[in-house]
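Residues per chain are reported as follows:
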Amino acid sequence: MNKIEKVKTIIIEKPLKLDCGQTISNFPLAYETYGKLSEKKDNAILAFHALSGDQFVTGTNPITKKNGWWSYLVGPNKAIDTNKFFVICANVIGGCMGSYGPSSVDPKTNKKLGTNFPVITINDMVNAQYNLLDFFKIDKLFSIMGGSMGGMQVLQFVANFPNKTRTAIPIACAASHSAQNIALNELGRQAIMADNNWKKGDYLNLDNSPDKGLSVARMAAHITYLSQKSLQEKFGRKLQERDDLKFSFDADFQIESYLRHQGSAFVDRFDANSYLYITRAMDYFDLVKQYKGSLSDAFRGSKVKFFIISFTSDWLYPTSENKEIVIALNAAGADVGFIEITSDKGHDSFLLDVPEFLNSVKNFLEINY
Amino acid sequence: MKKEFKIISELIEENKRMLDVGCGDGILMKHLKDNKNVDTRGLEISKNNVQICISKGLSVIEGNAEKDLQQFPDLSFDYAILSQTLQAFYNPEKVIDDLLRVANKAIVTIPNFGYWKVRMHLFFKGTMPVTKHLPNEWYNTPNLHMCTIKDFVNFCAQKKINLFRSLALHEEKVSEINSKNLNFKNLLSELGIFLIEK
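Here the protein sequences come in this chain order: A and B. Residues 1 to 369 (the numbering used here) are what the first sequence spells out, left to right. Residues 1 to 198 (the numbering used here) are what the second sequence spells out, left to right.
Pulled out of the complex, with its shape left as it was, chain B reads as follows (with noise of 0.2 Å):
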């Protein structure tokens, strides 16, 4: 499992409701239900991943978080995952505000924008970044709404959303984002990790 899983994993209390958005394969559903007894529901938009989670015993719904978070009751989950996804919602903040909606705390992770790597390709080289965690080209992208870890802060921020715990990760290196260190961890973390309440 990855990096990142484990991680959301740490966050998740044992014997809680949870929704991973984009569960793809089910690692972590499949992870949390049989370390943490969590009850776990997920919502997938490609039917291959439907049809592996299935033969993994997960309930898993084929569905757009777009369209189809919209069905979930208010607050029937504790927890709402997003890996890697809110980047690529035509829009992120009614999906934020859906994930809000749904369950009592959400865990959000993004790829960062603002990492050195990614403004030293644009920098230097004009183009559009291509790294590890962002490998698409500008034409074949699905993500639209990229923000660096500095953005989803102020975001939260300014729409009074709670951020409970606030992680950088880079290179497999977990650590705490502060307001002190917050531009450091934007230009030196891959990805940024927000346990987030409402």
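Just chain A, same shape as in the assembly (with noise of 0.2 Å):
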């Protein structure tokens, strides 16, 4: 984890006041940057991650040495060019990739924080990260975006500062996390706290780790990202790497030895703590709850111009749920634009090579630029 020191980081001075009532100030946030500011400043794309992303977007990530997850999406002469536009990201607060979470050490015991770290929501995560358009001397960004938790960002940012982008694109998700999100959430924190390695989130002062929990958590979520489909297609009743059952407990099926990969290449690059954090964060957001049962109050008045994208065999954050979002803002009265993108590949289309959805987000980002 020590390479993660040499991370880009602005140190937030200014003290945040938390939904959960405590206030930090002092602490990190971790970003990187593709492309350049132009001289207007009229440029800058803030990129928004899900649960399990981080800074990376595109290009190597210098930590994993993987991809970067919007790697299909953002790249020099991709549909987000970074040859034309400027994009920021930030690994959210209570993230594991430099950002201030519950693997940052409090100076006053000098140990990691762990569960001592306060419950943040999708709110506080906005709130930190707006800190960069005063780092970047940016006065309006010229979009903002992300997926899953991302798009909930999308929202939030929107809500709390109306006037500081001129669009904004939320993709595959919800204005508030739905019961069987929050179940599904649920499911992979118990997994983390029942490993005997978790000791009560205190695992990192103890040189240990909860790596069997936070695997089962990856690989029930994995499975959610993925459409019924897609699983069929790719995997069958495939067996791997053997011509018949073994009659055990071992990997008999490709898709067994699949989740178990995901599982074990997931707990290399993320902290179990920050898995329970950002869960939590996500089963609090409702912005409809926010704005007193009324979501289109979240953007009366918005001069932004949205765009909000859902895909078919999403099961996570169904069509349904994105349109939710597009009747608030139709009776907000605002400026909105939705599709639908057709596609096999679940929750995990908007990460994936889904061209019809790197061609909407290109058109727009070109016409409005």
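Hints were generated in silico from the structure; no laboratory data involved. Some clues are possibly wrong.
Only pairs whose alpha carbons sit at most 30 Å apart, straight line, appear in this in silico DSSO-like list of lysine-lysine [claimed, not checked]:
1. B:Lys47 / A:Lys234
2. B:Lys56 / A:Lys323
3. B:Lys2 / A:Lys140
4. B:Lys33 / A:Lys362
5. B:Lys33 / B:Lys125
6. B:Lys67 / A:Lys303
7. B:Lys33 / A:Lys303
8. A:Lys41 / A:Lys140
9. B:Lys125 / B:Lys94
10. A:Lys303 / B:Lys180
11. B:Lys30 / A:Lys40
12. B:Lys36 / A:Lys305
13. A:Lys289 / A:Lys84
14. A:Lys84 / B:Lys67
15. A:Lys40 / A:Lys108
16. A:Lys305 / B:Lys30
17. A:Lys140 / B:Lys16
18. A:Lys41 / B:Lys30
19. B:Lys159 / B:Lys125
20. A:Lys41 / B:Lys33
One side of the interface only, derived from the structure: several residues of chain B facing chain A at Cβ under 10 Å [stated by the list, open to error]:
21. Gly22
22. Gly24
23. Arg41
24. Ser55
25. Asp68
26. Gln70
27. Lys160
Heads up, the beta-carbon is just placed ideally off N, CA and C, and yes, glycines get one too.
Need the complex rebuilt from these two chains, each delivered in its own frame; the hints are there to steer you.
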């Protein structure tokens, strides 16, 4: 984890009052940028990452050595052309890629914070990232965008700062987390907490980690990012490097082996406590409640041009939930476009090579720039 | 731009707010936005057309008028446009109600089933009419509720909908429809264009 010390960070001195009541200040926010900020500072795009993402949007992630999570969308000559746009992305607070989170050290005790880290919300994440505008001296962003939890941050950003972006693209998200999504997140959290190595969140100070628990959490979550059809087509009942069933609990099926791999690869790059905190923030997200039952009030008077995108096979944040946002925007008289992209790739579609999706984002940005 | 759209855009005043229901590839919206500074929104069922509209910078929502008009608040537009799609709805009456709820005025155009060629087709051939404005066969037509210009005029009278302007289009020529020439226009026009108000 020492490598993380090399990532770019700003120290946010200004006190930030969190929704839980605590105030934090002098905390680090890790970020990365792609492309060049224009002289007029009118080409900046703030991208928000999802649950397991980080600030490394594209290119090779210097920590994991894998491709950035939005490599299909962002980069030179890609849909979001970094020859033209300046893309900024920060690691959310609560995360584990350099921003203030449960793996940060408490200066008073010199120990890792663990569960002494305050419970944060999507609103807190957005308010922390807003400081990037001051840092880059950007008065108004050209666009903000993100999928899944990133989309929630987009909605919260516009609600909090209605005049600070020209356009907004919330993708595959919802204005409040559904019971199904809370249930799935709880499953992941319980898997982590059931691991004996979790030690009530103090594992980092004991040089240990609840890898099994985090791995199971990731395996369960990973299934929810795919669709029944894509699983069936990709894996079916194919066996893993064997001719027949072994009558054991080894990974007989390819899908088992695949999930185990997803789980173990995840623990190498992600902190279990961060997983708890970030999923909690998602569960607490309810923009409808924040605006006393009227989601439209979150966007009333907003001049932001919205483009909402959902995917046909996404059952985690289905089109109906994305459409709730469209309806609220229309009811507020806001400027909104909406499309449901046909894709078999489930919720993960927004991260994958789905040309129709990539083209929509490209076209929307190009014409509005 | 086709003649029908030229007529519609002449009926719309500058700087107004307009919802194009079934906006297709957005030709009319783009024209009104660029030339009359109209604040336009679109509702379109075809994903491909929505993509085209988005790439033209138009704010279009993918959706179905029968379900998705509900989401717009009362009188949120000055005009609602419905071009040659009324006959394809399950419940055209409800759609007209919704158009006049979300907008002050609506412009509705209908392919006229009373046009003489349509009548002759059915009369002489004895099969369902296929014409320029009604290009489909009976088994694959999206049209569920065909009507004539006269039917629509009667409908408006019955529903106490004010017919602000009634225009007939035949081979690129536009003319006013009034109570005296109604039967005549109903026979000789391919398309009816109505500016209505509740």
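Here is what the structure says about each hint:
For the hint linking Lys47 of chain B to Lys234 of chain A, the alpha-carbon distance of about 26 Å falls within 30 Å, and the restraint holds. Note on Lys56 of chain B and Lys323 of chain A: the hinted pairing holds, with a Cα-Cα distance of about 22 Å set against a maximum of 30 Å. As the CA atoms of Lys2 of chain B and Lys140 of chain A are separated by approximately 40 Å, the hinted pair breaks the 30 Å bound. This hinted pair checks out: Lys33 of chain B and Lys362 of chain A have alpha carbons roughly 22 Å apart, not beyond 30 Å.
The suggested pairing of Lys33 of chain B with Lys125 of chain B is violated, with an alpha-carbon distance near 45 Å, which exceeds 30 Å. A threshold of 30 Å between alpha carbons decides the hint, and for Lys67 of chain B with Lys303 of chain A the separation of about 26 Å falls inside it, so the pair holds. Our distance criterion of 30 Å between C-alpha atoms is met by Lys33 of chain B and Lys303 of chain A, whose separation comes to about 17 Å. Among the hinted pairs, Lys41 of chain A with Lys140 of chain A is consistent with the structure: their alpha-carbon atoms are about 8 Å apart, no more than 30 Å.
For the given pair, Lys125 of chain B sits about 34 Å from Lys94 of chain B by alpha-carbon distance, which is inconsistent with the 30 Å threshold. For the proposed pair Lys303 of chain A and Lys180 of chain B, the alpha carbon gap of about 49 Å is over 30 Å, so the pair is violated. For the proposed pair Lys30 of chain B and Lys40 of chain A, the alpha carbon gap of about 28 Å is at most 30 Å, so the pair holds. Restraint check: the Cα-Cα separation between Lys36 of chain B and Lys305 of chain A comes to about 20 Å, which is no more than 30 Å; the hinted pair holds.
Restraint check for Lys289 of chain A and Lys84 of chain A: not satisfied, since their Cα atoms lie roughly 38 Å apart, outside the 30 Å limit. For the hint linking Lys84 of chain A to Lys67 of chain B, the alpha-carbon distance of about 39 Å lies beyond 30 Å, and the restraint is violated. For the suggested pair Lys40 of chain A and Lys108 of chain A, the alpha carbons sit about 43 Å apart, so the restraint of at most 30 Å is broken. For the given pair, Lys305 of chain A sits about 16 Å from Lys30 of chain B by alpha-carbon distance, which is consistent with the 30 Å threshold.
Under the criterion of a C-alpha separation no larger than 30 Å, the hint pairing Lys140 of chain A with Lys16 of chain B is consistent with the structure, at around 28 Å. Of the supplied pair hints, the one linking Lys41 of chain A and Lys30 of chain B holds, its CA atoms being roughly 29 Å apart against a limit of 30 Å. Between the alpha carbons of Lys159 of chain B and Lys125 of chain B the distance comes to roughly 35 Å, so the proposed pair goes past 30 Å and is violated. For the hint linking Lys41 of chain A to Lys33 of chain B, the alpha-carbon distance of about 28 Å falls within 30 Å, and the restraint holds.
At its closest, the beta carbon of Gly22 of chain B sits 15 Å from a beta carbon of chain A; the interface hint therefore is violated under the 10 Å criterion. At its closest, the beta carbon of Gly24 of chain B sits 15 Å from a beta carbon of chain A; the interface hint therefore is violated under the 10 Å criterion. The closest approach between the C-beta of Arg41 of chain B and any C-beta of chain A is roughly 8 Å, which is under the 10 Å cut-off, so the hint is satisfied. Because the beta carbon of Ser55 of chain B sits about 4 Å from the nearest beta carbon in chain A, less than 10 Å, this interface hint is met.
Proximity of Asp68 of chain B to chain A holds as hinted, the smallest CB-CB distance being about 8 Å (cut-off 10 Å). The criterion of a C-beta within 10 Å of any C-beta in chain A is met by Gln70 of chain B, whose closest approach is roughly 9 Å, and the hint holds. For the restraint placing Lys160 of chain B at the interface with chain A, the shortest Cβ-Cβ distance is roughly 28 Å, beyond the 10 Å limit, so the hint is violated.
Against the hints set out earlier in the document, violations occur for numbers 3, 5, 9, 10, 13, 14, 15, 19, 21, 22, 27.
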